[in-house]
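J.: With the sequences and hints as input, model every part of the structure.
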Amino acid sequence: MGGAILAYLAKRITPMLSSIVSFLAISSAAVVFFTMTSSTDVVTVSVRNFTLQFGLNAYSWVFAAMVMGISALVSLYNIAYMSGKDRLGYFNLNFTLAIMSMMGIVFANDWISFFIFWEIMTWSSFLIVVYNGIDEGKIGTKYMIFSAVGGYAMLMAIVITNSQIDSFLIADLINAYPTFGHGMQAMIGILFLIGFSVKAAVMPLHVWAPRAYSDSPMSFTAIFSGLLSKMGIFGMAIMFISVFSKASIGDTFIYSQVIAWLGGVTAVMATFYAVIQKDAKRLLAYSSIAQLGYIVTGLAIGTKLSVMSALFLAVIHALYKGILFMAVGAVERQAGSTNLEQLGALIRKMPWTFFSALIAAIALAGIPPLGGFVGKWMLYESMITSTNPSHLFLVILIFLSSTAAFLYVYRLLFGLFLGQEEPEWDHVKEAPAPMVIPMVLMALTLILLGYAPGLLFEPIANGMEFLGFENVGWQMSSLSNIWGDTVDMQYVWGSVVTLFVLGAIFITIKNRKSTRYVTTKDIHTSGEIPEAHENLTYAVDFYKPFERAIEPVMRKTMDFYYNHFGNGLESLFGFVRKIYTGNGQTYAMYVVIFLVILLLIGEQIFK
Amino acid sequence: MENIDFNQILSIAIYGSAVGLILIGLYAVLMKKHLTKIIIGLSIIDAGIHLLFIAIGYISNGTSPIFSEKGISLVSEGTKMVDPVPQALVLTAIVIGFGVTAVALSLVIRLYRHHQTARIDQIKTLKW
Amino acid sequence: MVVSPVHFIAVPLLAAFLMPILAKVNKNLLRIVPGIVLTYLGYVSVVLMNRVATEGTIIEVLAGWSAPWGINLVYTPFTGFLATLMIAMSFLIWLYSFKFKKVDDEPALKYFILQLMLTTGSVGLVLTGDIFNFFVFMEIIALSSYALTAFYRDRNGAEAAFKYLLIGAFASTLFLLAIVLLYSQVGTLNMAEISVRMHDVPTSMKVSILVLFLVGIGIEAEMFPLNGWAPDAYSQAPSPVGVAFAALVVKAGVYGLVRITYTLFGIEGSGIGPFLIIMGGITLVMAEITALKQTSLKRMLAYSSIGQMGFVLIAFGIGTHEAVFGAIFLMFNHAIIKGLLFMSGSYLVYNTPNKEIKYLSGYGMKMPVISLFFSLGALAIVGLPPFAGFWSKLYILLAAADGALYGLIALILVVSIIEIVYYFRVVGRLYFGKPAEGSIMRKPTVGGMIAMSILAIAILVVGFYPDIITGYIDAAASSILNTDEYIKNALGAVNELTPVENIIQ
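Chains as they are written, first to last, in my numbering: chain P, 84 to 690; chain D, 240 to 367; chain X, 21 to 525.
Simulated from the structure, these hints should not be mistaken for lab results.
Ideal placement from N, C-alpha and C gives every residue a C-beta, glycine not left out.
Heads up, some of the hints might be wrong.
[Said to hold, decoys possible] Okay, the calculated beta carbon distance ranges per label pair:
| id | chain 1 | residue 1 | chain 2 | residue 2 | range |
| --- | --- | --- | --- | --- | --- |
| 1 | X | V434 | P | P434 | 50 to 56 angstroms |
| 2 | D | K276 | X | E75 | 53 to 59 angstroms |
| 3 | P | V128 | D | H354 | 56 to 62 angstroms |
| 4 | P | G657 | D | L344 | 33 to 39 angstroms |
| 5 | P | K661 | X | E288 | 37 to 43 angstroms |
| 6 | D | P323 | X | L480 | 39 to 45 angstroms |
| 7 | D | V258 | X | V389 | 55 to 61 angstroms |
| 8 | X | E75 | P | L683 | 46 to 52 angstroms |
| 9 | P | F549 | X | V389 | 43 to 49 angstroms |
| 10 | X | T223 | D | L344 | 38 to 44 angstroms |
| 11 | X | I56 | P | V128 | 38 to 44 angstroms |
T.: Structure (structure tokens):
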């Protein structure tokens, strides 16, 4: 086990000069990972007076498996997606580094190596965000600032922890946390949570995410949104479940509640934003933030069921968001645009892409029978049955956002794949096989997990037992609730599929003769034939009424306040630097004034 | 006694003029705008400090600090000896001060050619 | 030949003065001699480092007068570490500038002499055990720096050099004044002996001396209100000189500050520690926020350098073994990383007007290797793992946490965010955007590439395997903290008089 980790760490640190090499490295690492039985070996590396420890446990196995599986597929997609672009070496080096560092985070047994890999992940992903070179680096800078705030909050927590317990081991913090003083508990807890919240894009710290997600190359965004953000979830789960739960309930209860509500608000707001987006990438980016909001809420509530649902959703989200970003990437590559108001009717040209995107969208919207439904079901249930009455309001928020999610998912599918055909997109063809295969494979995985969610419950339950829950129950293919009812997924699955197939056959037979493919210009309005430049795609102003309804909420974004804050600071800094006047005599004056002041007050300072 | 008074006056005069020189130099460096005057000010400060240094090593009625081969003072026992170290150091410091002044003046020439002025408050291309 | 610390001063000084004659013999000797000298010194320092590790501090008495009367050189693990670092950096600077001056048609003779003098001064300042000798070396550094700053006639070098000279003259004046007052009180110039006799000095006098020393040496160490000269000098000097400032001059200044506060006055319970922390904090904050608004790359690097020195001061102010370890580590890291940044950065901005950052868009494609070096340096200097800068930052933060200085940690980290912003702005700019047409790239020289590659490899190696260096730094930290040991070693040489002949051999 240890040798395997080191082998692929070493293998990946070397610069990869092509996508293929990077794919081979990642997939071979994945093969190594999955063929390894979950052994408990620990690798230690010692640096001066402390040791770094790497090892795998039941909880990190869930995340490691997710990272390895999905990134192996995405790197296959990457080969085709990135072909023909500039600076592949640069891109693939960072791509591989980011994935390697996620594995590092998951394997880390101590905070120092956790932080090291966390930061590697941050800067390598930063270098990818600026790869496309949009918007003069503002996006990258914003991403970097927020990541740095998060990373350094974490670093501060880590060094303070070390000063308290003289150990960097995660396990030691978990054990020692209850013994800390009240203030210390609060400080360490809050700092760690800030660190993780940034990556998980929780509401006040999310502003970097939409642009960073949408402006990176899509093959990386699939990783970025699907996996990288999950590292925040990974850390948060450790904090909420292992660390906080050991402390007396009253102390840490408040953080959990605050984070749960923040997660809920994130989910709703981001969903609203997603609905009004005109660009598929931007839409998906907001949708990611919203989905992460659910997961955070689930973790923060902290009951057995909610945590399970959160972890389940985390994995499912990585899958379906990976598919959607890859699908959008495929469209972008084949058609050259991702604007929902211009594209349309790609279904006949890119059927496989449409199929995977459809499956992913169903999962995202939480429609039975796919995985998303299972996760959301458990989340609702856990909140409704919660002892805390405020969770009933929270469930309303989540439900609202979940419903609104239908809107944007539908818009996405419609805008890209449905509607009338435009002659402009006639040349579009299906994406090449390396792009299609990962999408279809992941879509099939989603279907499988919808059919038998237990496949995923098993490792999650093991992981939760590792984190400190006892007797986490699960069933292979059914959900049970506390009222004693059992929902058997197989029946749900069977009936839905039957209905769907029957409906499809019916519609096909009925419409076969009368179907005529039309373009948007194939209409007459009051006898006038529309000019070619008029954009008559259905997707224009798709949700105009909805936009109007939510407009007051959206007007001032958090982004706005951050920008003002940033500008204010910059002008303050600009003022401060005037102290360097450029006049040598002034500098000499500073020296003399400083000297005189020191001579006058010297006796007070120096004994 | 007349003699002691003279010595006291002398030491006050030396210390006083040392401090006075330093202050005059400081004034020139901080207030005068002309580059050459600033350099003169620096030299005056240096002179003041050298004077102070010498004054510290000086002992009234002392003799010159010369040792014989055997490491015994040539002068007879009981007479005081002027501390030689400050004098040696001041010599070094004067040489250094000379070097700095030379470099400074060459810079002034360069600056004047470049900016057509020797006023320090007008040479501010580099700032912030 | 017997290696001894005195070679560090004698050999380069001799070479520097012989160079005009050698240049008459053959023009090329001029370029080769410094390399030979520095290689030899590198060999000497490696030998001495090993000897010091096994036998302890090496004392070299000059001219037969033993301490406390004569001048002695004290080669402790700390001074040895710094001297080795300085010589290694000088060697790389020589490599970097080997061909540089040929192209520019500026007097190479002066350049190499001055660089050698700068090296001599810095190494001598670190090794000397005599406070007045310290002053002399400080002046050697200062004079050669003034001249090097004004090296290019077409830049604003003279202006920068004059400001530097004005402030530097203040530094030496105050330092000399401090020596005068100190001598009048303790009657000796040997630092070890001063340290012993310091207890008898009346407090008010002690404080005055301390203040004069702090301000005098604080100017060289770029402490906040005293550092107006630094950005100008860094940005106007030829780029190898910028490296030399960051790697030698400032390091010498910080060394002086540490030697004076730790050994002469004693850091414990004297109020110097908090003072250094506060001043370091102010320096750090002021420098970094000024750096954020810079439009010129070299000025940005200069302010960043000042900020790093503030960080070093903070660490020395904390004063525990862990903190001093972190501080020395940071000095080492700063030398190699800032060296790399200056070297690669100067190629990037070689042909841009005013060295401005905004013209750098898309250079990542045009100068891939140089951009990679610069990005590596930027990642390392802000302390991102797994590069060298991370470990020093981590150790300093750990030391601060052990001292329960939580506000300080927060301050350092907030400032680090500012640092990240301005460095990543540049890195981002290098890698996105369309390069402007028609700008001519400066092809790096072979020597320059080798020098930068060595630095880059050093950053990576230390980043991945810090233990390669931590042993030396640990010894250095113990040696600076243990004042009694220093005194015993430095004055212990009294008993074993070294004859003059020994040195001449």
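J.: Each of the hints needs a verdict: does it hold here or not?
T.: Taking the hints in turn, this is what the structure says about them:
1. X:V434 to P:P434: 50 to 56 angstroms: holds (53 angstroms)
2. D:K276 to X:E75: 53 to 59 angstroms: holds (55 angstroms)
3. P:V128 to D:H354: 56 to 62 angstroms: Holds, at about 59 angstroms.
4. P:G657 to D:L344: 33 to 39 angstroms: 37 angstroms Cβ-Cβ, so the 33 to 39 angstroms window holds.
5. P:K661 to X:E288: 37 to 43 angstroms: Once the Cβ atoms are compared, 39 angstroms apart, the range 37 to 43 angstroms for E288 (chain X) and K661 (chain P) holds.
6. D:P323 to X:L480: 39 to 45 angstroms: violated (55 angstroms)
7. D:V258 to X:V389: 55 to 61 angstroms: At roughly 59 angstroms between Cβ atoms, V389 (chain X) and V258 (chain D) fall inside 55 to 61 angstroms, so the hint holds.
8. X:E75 to P:L683: 46 to 52 angstroms: holds (47 angstroms)
9. P:F549 to X:V389: 43 to 49 angstroms: Check passed, 46 angstroms falls within 43 to 49 angstroms.
10. X:T223 to D:L344: 38 to 44 angstroms: Taking Cβ atoms as reference, T223 (chain X) and L344 (chain D) lie about 42 angstroms apart, which means the hint holds.
11. X:I56 to P:V128: 38 to 44 angstroms: holds (40 angstroms)
Violated hint for the displayed structure: number 6, the only one.
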